[in-house]
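For the protein sequence lines, the chains are S and B, in the order given.
Okay, so the first sequence: first residue is 1 according to our numbering, each after it adds one.
Okay, so the second sequence: first residue is 249 according to our numbering, each after it adds one.
Here are a few chain B residues that sit away from chain S, every Cβ distance over 12 Å (derived from the structure):
id, residue
1, Tyr259
2, Pro328
3, Leu332
4, Leu362
5, Ser520
6, Thr523
7, Thr525
8, Phe543
Short derived list, chain B residues pointing at chain S, Cβ under 7 Å:
id, residue
9, Ala422
10, Pro426
11, Val430
12, Asp436
13, Ala443
14, Gly445
These aren't lab readings, by the way, just hints derived from the structure by calculation.
Please read all numbers here as calculations on a predicted model, not as lab measurements.
Beta carbons: idealized from backbone N, C-alpha and C, even for Gly.
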Amino acid sequence: MALLETDSLIKDFRGFRAVNDVSLRIEEETIHALVGPNGAGKTTLFNLLSKFLQPSAGRILYRGEEITALRPEQIARRGVARSFQITSLFEQLTILEHVALALQADTALGYRFWQSERVLDQFRERALAILDEVGLRDLAEREVHALPYGQKRSLEMALVLARDPALLLLDEPTAGMGREDVERMIALIRRAGTGRTVVLVEHNMGVVAELADRVTVLQRGSVLAEGTYAAVRDDPQVIEAYLGQTHA
Amino acid sequence: MRVQLRHRLGYLTALLVALALPQVIYPGLALDIVVWGLFAVSLDLLLGFGGLLSFGHAAFWGSAGYAAGLAAKHLGVPFPVAVLAGVTVAVLLALPIGYLSIRRQAIYFAMVTLAFAQMLFYVTNEWRGLTGGENGLQAIPRTFPGLTLPSGSAAFYYAALPLALLGYWLAWRAVHSPFGHVLVAIRDNEARAQALGYPTRRYKVLGFVLSAALAGLAGSLFALGHGFAALELLHWTTSGLVVMMVILGGVGTLWGSVIGAAVVLLLRDWLSTSTLTLAGVSLKDAWGVVTGVIFVLIVLSFRRGVWGTLLQLRLPRGGSRPAPRAGQTTAGGPSAADGG
Ligand SMILES: Nc1ncnc2c1ncn2[C@@H]1O[C@H](COP(=O)(O)OP(=O)(O)O)[C@@H](O)[C@H]1O
Ligand SMILES: [Mg+2]
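The shape of chain B in the complex, shown without the other chains (with noise of 0.2 Å):
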């Protein structure tokens, strides 16, 4: 009962932290830390729950986002259908490339959900007609009946939080599911799920496309929120940071990646504002140099990043379930099967 009204008063808290947040920080800020913390959070369902490491979700966010875009400018729909409309390119993109990567294990799996992400790059660089090419979807409207949103505005995080919070509740749910359940079984012994009777590769790709909606969702509200869709949602860079974020925060504690992402941008933000030089360079040109410098030094020193060990100081011994492994991926396959 005391674990319960501990959680219940820590969601009461990040409730009202995002109630609060437009008014401490600029509300483009604050919005940008709920829908990365989502993105982080979707990341870590399938790394931290599934095991399996995607270096390819920039494909969903991203897509997702042209999508919305797409479906706001030129459908003049509300901005609620048109995160609908990114959630479900996320989706439709999520069944194949998932289908056919969680055939591979481990670091493959990376390469091949890395391999599909640049694919998308590439094809959204090329179909100007539609995607606008390296301009970009500009001037994307976020329209609501009897509400004017404008762009970076604390009216349109209002307005967008009520869906991401959709978003973070999904995701605490599915892990807290017979699913949830499940999931963990085929990460932590994927042999003995499946003797069990567990189809596990489709147990998988169940897991990668929920992972996949999440991205989308976060990431359709990214690009409404600020109104543009730009390349930059597809790269490699944008999978890169994501990961960084979830093990900024701890894999596999879900909240922590909120964390990590909240760590990387009000960081990226101080810096960009800073005046500090250092041995000549301004810290301000350099900001991938400083942020990378400190997630080195957080993961050396945390190595269950900064989420997973203040649990670890409050619980020692582990109290909330499932308490995954942090940073652990697969080993299956018939050669994991059994001994000789």
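Chain S with its partners taken away, still in its complex shape (with noise of 0.2 Å):
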């Protein structure tokens, strides 16, 4: 059964159309992998499924449910977690806090204003937990702004796992990252995707490879191909797509 699917998305910005007519079906615990040229699409496609975009036209469907009209908090709570492309954080808290953050989200805590912070140490052994999945469990008391950027991308995974999510939209998050951490980060997400579905945006074809049950190529905004890693790589269209582009 698809968990996600899009009815003829199409996103236009001012006349131009960044997202053209496209029909995904996301099959139920698979890696899904979303690739394409540089302003192929990708990442407004990704902000349209996590509701970050409104489309200009067409539908979105979570388990068989529109879910077209929503906005991204109202998602988050049907276990939809996404990551962000350009690490997103907030420079102020620890890295427990984070994770805390995230595991309270689910509650009506975060109402509370006459209640001491000190409730929150509840959220403290499962946040460890966490963050010991993803090796950051030794810098839990350390704040994020002096962290060095692959564990800046792990903990953004921290905080995807903290929400237990059915589906996870991962916006490139191996972007940047030195080889070793590209490995880890490939671990991760087979591990974290066990039992799960996953969407993942994704420039380098080696984790594509790796990680993807199924690929869609985009080019100026529509599907090119669709598949297998190994179908969509030997298409005469996508190398053709690859090759009229300096880098991939």
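The task is to assemble the complex, starting from two chains supplied on their own in separate frames and drawing on the hints.
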């Protein structure tokens, strides 16, 4: 069964069509990669799926239910968690506080302005366990602004995991990472993806080859090809799209 | 532990200063410092921790002042009940105003709040039957069983102090609550907070209403303490003055706002009795200009305000949390959600 579907999705920016008539089916418990040359519309599509942008036309269905008009926090509460391509954290909070904030989001604690912040200690154990999973446990008390880039990306993943989502939307989780960090991220996504559904925007074809069950190739906002990584890689149209481009 | 001890000593000192204040300066001025300080703290809760600069906070200070005055004058209720009436009116106004204005960001938010405050100013001016128009409400009584509380008296100061301290405590508690954490997170990165599942608008409205309630508490005590409510309570210069106090003290420091309020009020008081002249102009007549110049000088030399700078000197590694960035406003919206 498809967990997430789009039906003729279109996004126009002042006359420029960034996403053009895209119909996707993301099957449950698969890792589905969105690839394509720069400017293909991957991030725009991703922001439509995570509801940070409203489509100009078309529909989005999650578990067979239309979610086109919902706000980001509403789909977040239904089990969709997204990461950000540009690392997006709360500069003033410690690593542990980040994860506690993500865990707290499912409760109504956040409205309690009359209660001491010490009630947040209840999330400590779970937060530390999640940080252990992404290899940040030892840095739990550090503030994030001083963290190296690779560890910020890991924290992004910890925030996604803390939501315990059914669907993970990951925008270039390995962007700008060194080789070792990429390897660790691949292992992390594979573990996190077990029993879950993952949509992955990715530039690095090595990562796509290792992780993706299905690949959708976008070009100038439209779907150019779709299939397994092996099938898509050998598609002459796809090869041409990537050759017309200085770097993939 | 040592930090905690130092905090406790700090609070104890503040309490002693508050108790001694009407013995050192005249009680009317002491009350002004305490209630304007609370007004400034309420604004800093919204600006420093929510990243929202309201330029119309006189709406809550003023409407509460009128409401408390009307309740005391026409219903004859004890002054704490009148204060409650004032706070209630401020909250009832803040709900729709907050709901509508938090849909705008940064400077647009400031402009929308200013517009609402101006509306309220004109309505109050026109509604003469209730508000006394340009004359305002005069001779507001302060009743409390068993006590006589003349306006401007030390007696009223001490009667009002517990309520003001309750307001200060609430602001401190809100900042150090689960709500405070979410508010700071939204200020720093609204898109991220949404992605975690936080309905950020609802949180911002709650922050707005809390802030307005505290401004209302302060405004009620001010009007009752002086025995009158005038249009000046709702004037845009009142909104501007409280913003100035917060910036002077240091945005996002909470207690700095009290220092900012004290500096402005003591300066105004000193100038009003001073016989100094500058280039033939009596400083007495130009207190606005003098405060303005001092404001500019302090802001230029201490970017974090008086208190923020002191804190930075004492705690070079930013000891207390949540440590906000000064003068920050939200930058959220879909465009901030991601890059290409
Ligand atoms: N907010 C926007 N306004 C106007 N054009 C945009 C906006 N966002 C993206 N675009 C354009 O849409 C196209 C697709 O961009 P994007 O989705 O970021 O591509 P990708 O992530 O595949 O590199 C690009 O040509 C880009 O310039
Ligand atoms: Mg992109």
